[in-house]
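As numbered in this note's numbering, residues 11 to 68 make up the sequence shown, in order.
Calculated directly from the structure, the hints in this document are not laboratory data.
By construction, the Cβ of each residue, glycine as well, lies at the ideal position given by its N, Cα and C atoms.
Treat the hints with care, as some may be off.
[As the list claims (entries may be wrong)] Derived pair list, reagent style DSBU-like, types lysine-lysine, alpha-carbon separation capped at 30 Å:
id: 1; residue 1: Lys20; residue 2: Lys62
id: 2; residue 1: Lys27; residue 2: Lys62
id: 3; residue 1: Lys27; residue 2: Lys16
id: 4; residue 1: Lys16; residue 2: Lys62
[Unchecked claim] Each pair of labels, with its calculated beta carbon distance range:
id: 5; residue 1: Ile53; residue 2: Leu18; range: 28 to 34 Å
id: 6; residue 1: Ser12; residue 2: Gly60; range: 16 to 22 Å
id: 7; residue 1: Ile51; residue 2: Pro14; range: 17 to 23 Å
id: 8; residue 1: Arg65; residue 2: Ile34; range: 28 to 34 Å
id: 9; residue 1: Glu15; residue 2: Val35; range: 25 to 31 Å
id: 10; residue 1: Pro14; residue 2: Ala39; range: 31 to 37 Å
id: 11; residue 1: Met64; residue 2: Thr37; range: 18 to 24 Å
id: 12; residue 1: Asp13; residue 2: Gly48; range: 34 to 40 Å
id: 13; residue 1: Pro14; residue 2: Phe38; range: 18 to 24 Å
id: 14; residue 1: Leu17; residue 2: Ser66; range: 16 to 22 Å
id: 15; residue 1: Ser12; residue 2: Gly52; range: 29 to 35 Å
id: 16; residue 1: Ser66; residue 2: Asp13; range: 17 to 23 Å
id: 17; residue 1: Pro14; residue 2: Val35; range: 17 to 23 Å
id: 18; residue 1: Lys62; residue 2: Leu17; range: 16 to 22 Å
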Amino acid sequence: MSDPEKLLWKNWEMIGKVGGFVCIVATFATANLAWAWGVPIGICIVIYAGYKEMRSGD
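Generate coordinates for the entire structure from the input sequences, incorporating the hints supplied.
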């Protein structure tokens, strides 16, 4: 991997971890609002899919 790719990977790994944590918190925070469940779950799926994509591109 080139340097920019390494930098992106490091940052993306952090984004993935932070994003995952935020997702969990947001999901619990909005658990009493049934209609809001789809939003954090949708964001989670997008972040996770991007994370897996980066991981497989190693």
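Going down the list of hints, with the structure as the test:
1. Only pairs whose Cα atoms come within 30 Å are accepted, and Lys20 paired with Lys62 is accepted, the gap being roughly 14 Å.
2. Between Lys27 and Lys62 the CA atoms are separated by roughly 12 Å; this keeps the pair inside 30 Å, and the hint holds.
3. Distance restraint check for Lys27 and Lys16: the Cα-Cα separation of roughly 17 Å lies within the 30 Å cut-off, and the hinted pair is therefore satisfied.
4. Under the criterion of a C-alpha separation no larger than 30 Å, the hint pairing Lys16 with Lys62 is consistent with the structure, at around 16 Å.
5. Between Ile53 and Leu18 the CB atoms are about 20 Å apart, so this pair departs from the stated range of 28 to 34 Å.
6. Between Ser12 and Gly60 the beta carbons are some 19 Å apart, a value that agrees with the proposed interval 16 to 22 Å.
7. For the pair Ile51 and Pro14, the beta carbons lie near 32 Å from each other, so the given range of 17 to 23 Å is not met.
8. At roughly 20 Å, the beta-carbon separation of Arg65 and Ile34 lies outside the given 28 to 34 Å, and the hint is violated.
9. For the pair Glu15 and Val35, the beta carbons lie near 30 Å from each other, so the given range of 25 to 31 Å is met.
10. Roughly 35 Å separates the CB atoms of Pro14 and Ala39, a value that falls within the hinted 31 to 37 Å.
11. Range check, Met64 to Thr37: about 23 Å between beta-carbon atoms, so the 18 to 24 Å window is met.
12. For the pair Asp13 and Gly48, the beta carbons lie near 39 Å from each other, so the given range of 34 to 40 Å is met.
13. Between Pro14 and Phe38 the C-beta distance comes to about 36 Å, which lies outside the given range of 18 to 24 Å.
14. At roughly 19 Å, the beta carbons of Leu17 and Ser66 sit within the given window of 16 to 22 Å.
15. For the pair Ser12 and Gly52, the supplied restraint of 29 to 35 Å holds, since their beta-carbon distance comes to about 32 Å.
16. The hinted window of 17 to 23 Å between Ser66 and Asp13 holds, with their beta carbons roughly 21 Å apart.
17. Checked against the hint of 17 to 23 Å, the C-beta distance between Pro14 and Val35 comes to roughly 31 Å, which is inconsistent with it.
18. The given range of 16 to 22 Å is respected by Lys62 and Leu17, whose C-beta atoms sit roughly 20 Å from each other.
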